[in-house]
Amino acid sequence: MAVLTYIESSNGKIKKSGFELASYACELAKQTNSSAIAITINCPDTSEIANYGIDKVLKVNSDSLNEFNAKLYSDVISQASTNFDCDRIVLSSSSDSKYLAPLLAAKIDASYLNNVISLPSNLNPFTVRRTAFTNKAFSDTSSSSKNIIIGLSNNSFGLVENSVSLSEEDFQVNLENSNLAVESTEKASGTISIADADIVVSAGRGMKGPENWNLIEDLANTLGAATACSKPVSDMGWRPHSEHVGQTGKPVATNLYIAIGISGAIQHLAGINSSKIKVVINNDPEAPFFKAADYGVVGDAFEVVPKLNEKLKEFNLQNS
Amino acid sequence: MKILVCISHVPDTTSKINFVDDDTKFDVQGVQFVINPNDEFGLTRAMWLKEKQDASIDVINVGNQTSEPTLRKALAIGADRAIRINAEPIDGFFVAKQIAEFIKENPYDLIIAGRESIDYNGAMVPGLIAGFLNIDYVTNCTKLDIENGKATLDREIDGGKETLSGSLPIIIGGQKGLVEESDLRIPNMRGIMQARQKPLDTIEPFDFSPNTSTIKFHKPEPKQAVKLVDSDNLDELINLLHNEAKVL
Ligand SMILES: Cc1cc2nc3c(=O)[nH]c(=O)nc-3n(C[C@H](O)[C@H](O)[C@H](O)COP(=O)(O)OP(=O)(O)OC[C@H]3O[C@@H](n4cnc5c(N)ncnc54)[C@H](O)[C@@H]3O)c2cc1C
Ligand SMILES: Nc1ncnc2c1ncn2[C@@H]1O[C@H](COP(=O)(O)O)[C@@H](O)[C@H]1O
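Order-wise, the sequence lines are chains A and B.
This note's numbering numbers the first residue of the first sequence as 1 and each following residue consecutively.
This note's numbering numbers the first residue of the second sequence as 1 and each following residue consecutively.
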């Protein structure tokens with residue numbers, strides 16, 4: 001029995017979330033006295049995961065997998081799990097991995113536990129902690145299935161550095177045809193996506209209008225952060241829909257979430273609650289966000305944000 | 001075209017979350033239940049298909065009798081028939097098995113579910129159904145058009161969107177974008193009266209067991225009060241984020 005983790009890549013490089021998955025998979029393997037194997041798809045350079053304990057990677061290369069296809073990708077992972085006798089499969093919480101996970105679960109007759117935030121507290125039955133009710137509660141969930149898929153919540157486990165030497169193995173797969181075809185893809189280029197970001201700078205109606213977003217973008221640049229926004233901001237077309245976070249938008253589970261001119265409505269908080277540290281900047285001390293935040297500044301965003309940006313630039317210089 | 005909309009019956013987002021029975025069950029006392037928001041977007045999209053392209057809409061829920069008002073609301077919005085599989089929806093696997101068995105006996109051209117339900121956030125029911133029945137599946141779906149048995153769909157991806165094409169039958173996990181909030185319909189008097197006459201069929205569950213169980217729920221530790229930093233002392237904020245929170 002072994003642990004298999006599917007490590008995503010983009011533009012031929014391992015995604016950062018992959019290091020956390022590798023760390024989790026190795027710790028899980030330790031706990032269960034088994035070994036951890038990684039699988040990548042069309043990723044030429046996998047060397048970096050060896051820093052996080054993975055000593056064996058299966059590399060799949062196929063032109064039919066250039067575009068993500070949930071069915072084909074789940075077939076690939078299913079074939080690897082069968083070939084290498086893997087009964088625990090660790091996946092990220094990216095939109096692609098959440099898409100393929102249930103298809104894989106049906107295929108290999110596995111239990112799918114998602115939103116997982118811990119290693120198992122018990123191995124028999126296999127029990128892990130998960131978030132539920134849009135992060136307003138946790139659930140300790142167990143499964144006695146032979147095969148279990150773990151969907152790890154972003155930034156919930158952290159990194160465990162452990163350098164090992166890596167053996168790479170080409171893995172051949174049999175692919176069926178898919179009826180679904182990708183016609184086109186629109187992706188903001190050059191910017192960091194909310195799902196991959198360590199820091200997210202998010203702004204709301206308090207910014208008054210789209211013309212003021214340069215303040216938000218400047219701050220995000222200094223921090224190497226992704227930008228996000230509240231729902232009314234995307235509804236009014238001030239920002240693209242892909243930036244909308246919250247219950248009806250994208251979920252955010254980042255290390256640092258900075259909310260500027262956002263009141264902190266429950267539907268907004270529902271989507272960002274699982275971020276580790278929340279900072280609020282708002283000129284109304286009564287704004288509900290202050291109850292949900294770790295750090296707060298009561299003040300006018302138009303003064304605080306540029307000032308904070310300058311201070312952060314100084315900080316970056318001192319720490320570089 | 002025959003459409004099936006999967007409806008999950010969930011506590012409204014603003015509900016207080018509490019647990020009973022030694023923290024193993026969600027406390028429904030005083031909680032307002034609604035159609036899962038992602039399913040409401042899907043149901044409204046189905047209504048447009050019905051009005052413009054001559055479709056029939058069935059709605060289905062796996063649940064006990066308490067979800068009947070939610071199904072009646074779906075009928076009042078405009079669905080033609082409701083089906084309730086009479087069982088506690090214990091986990092996503094169980095629910096998906098029930099709906100998949102039902103679909104095996106009653107095929108549909110289009111099956112619309114939500115990308116996730118806002119209570120247990122499983123994000124698995126439509127994908128499992130697709131896997132069990134080997135039907136094409138698209139989730140995080142923000143746009144759906146159907147013409148001559150061909151489907152064109154948008155899927156939200158990290159940092160953008162993707163446009164896909166496929167053919168029926170197909171199953172989607174829908175969300176906002178399929179229609180907008182302003183398109184959602186509040187049932188009117190006529191709809192509510194008509195809904196009373198529409199069939200709401202109860203069927204007994206197929207013989208499957210859940211594959212997970214909840215050992216215990218926990219509520220997060222009470223949050224520490226926010227640390228306020230003066231707007232003239234932003235160095236302190238950076239210091240706290242760097243040295244205390246260790247996120248810079
Ligand atoms: C079913 C449903 C789903 C929803 N889903 C979402 C969702 O997914 N995401 C989401 O965000 N919302 C969602 N909402 C909407 C949500 O309820 C709020 O209306 C919304 O989050 C408010 O956005 P906001 O904070 O930007 O605007 P507002 O509530 O208008 O708040 C603006 C804030 O800016 C502050 N401000 C004003 N001027 C300044 C200044 N100069 N400097 C600093 N601060 C300033 C104000 O004090 C105020 O707190 C949903 C609502 C419903 C009913
Ligand atoms: N008990 C249920 N009855 C019918 N449909 C459901 C049920 N639970 C979930 N669904 C459907 O599956 C979608 C995803 O739910 P989940 O996998 O629970 O996050 C929901 O938006 C519904 O469309």
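Warning: the hint list may mix true and false statements.
Stated by the list, open to error - Mimicking PhoX-like on lysine-lysine, the simulated pairs with C-alpha atoms at most 25 Å apart in a straight line are: (1) B:Lys198 <-> A:Lys146; (2) B:Lys50 <-> A:Lys276; (3) A:Lys187 <-> A:Lys15; (4) B:Lys150 <-> A:Lys136; (5) B:Lys161 <-> B:Lys150; (6) A:Lys187 <-> A:Lys136; (7) B:Lys150 <-> A:Lys276; (8) B:Lys104 <-> A:Lys136; (9) A:Lys146 <-> A:Lys16; (10) A:Lys307 <-> B:Lys219; (11) A:Lys276 <-> B:Lys104; (12) B:Lys50 <-> B:Lys104; (13) A:Lys187 <-> B:Lys52.
No lab work stands behind these hints: they were computed from the structure.
Hint by hint, here is what the structure shows:
About 44 Å separates the Cα atoms of Lys198 (chain B) and Lys146 (chain A), which puts this hinted pair outside 25 Å; it is violated. A distance of roughly 45 Å separates the Cα atoms of Lys50 (chain B) and Lys276 (chain A); the hinted pair therefore is violated under the 25 Å criterion. Of the supplied pair hints, the one linking Lys187 (chain A) and Lys15 (chain A) holds, its CA atoms being roughly 16 Å apart against a limit of 25 Å. A C-alpha spacing of about 40 Å is found between Lys150 (chain B) and Lys136 (chain A), which places the hinted pair above 25 Å, so the restraint is violated.
The hinted pair formed by Lys161 (chain B) and Lys150 (chain B) meets the criterion: a straight-line CA distance of about 20 Å does not exceed 25 Å. Between Lys187 (chain A) and Lys136 (chain A), the direct Cα distance comes to roughly 32 Å. Violation of the 25 Å bound is thereby established for this hinted pair. For the hint pairing Lys150 (chain B) with Lys276 (chain A), the CA-to-CA distance comes to about 44 Å; that exceeds 25 Å, so the pair is violated. For the hint linking Lys104 (chain B) to Lys136 (chain A), the alpha-carbon distance of about 36 Å lies beyond 25 Å, and the restraint is violated.
A distance of roughly 30 Å separates the Cα atoms of Lys146 (chain A) and Lys16 (chain A); the hinted pair therefore is violated under the 25 Å criterion. A hinted pair counts as satisfied when its Cα atoms are at most 25 Å apart, and Lys307 (chain A) with Lys219 (chain B) does not qualify at roughly 38 Å. For the suggested pair Lys276 (chain A) and Lys104 (chain B), the alpha carbons sit about 44 Å apart, so the restraint of at most 25 Å is broken. Between Lys50 (chain B) and Lys104 (chain B) the alpha-carbon distance is near 23 Å, which keeps this suggested pair within the 25 Å criterion.
A threshold of 25 Å between alpha carbons decides the hint, and for Lys187 (chain A) with Lys52 (chain B) the separation of about 32 Å lies outside it, so the pair is violated.
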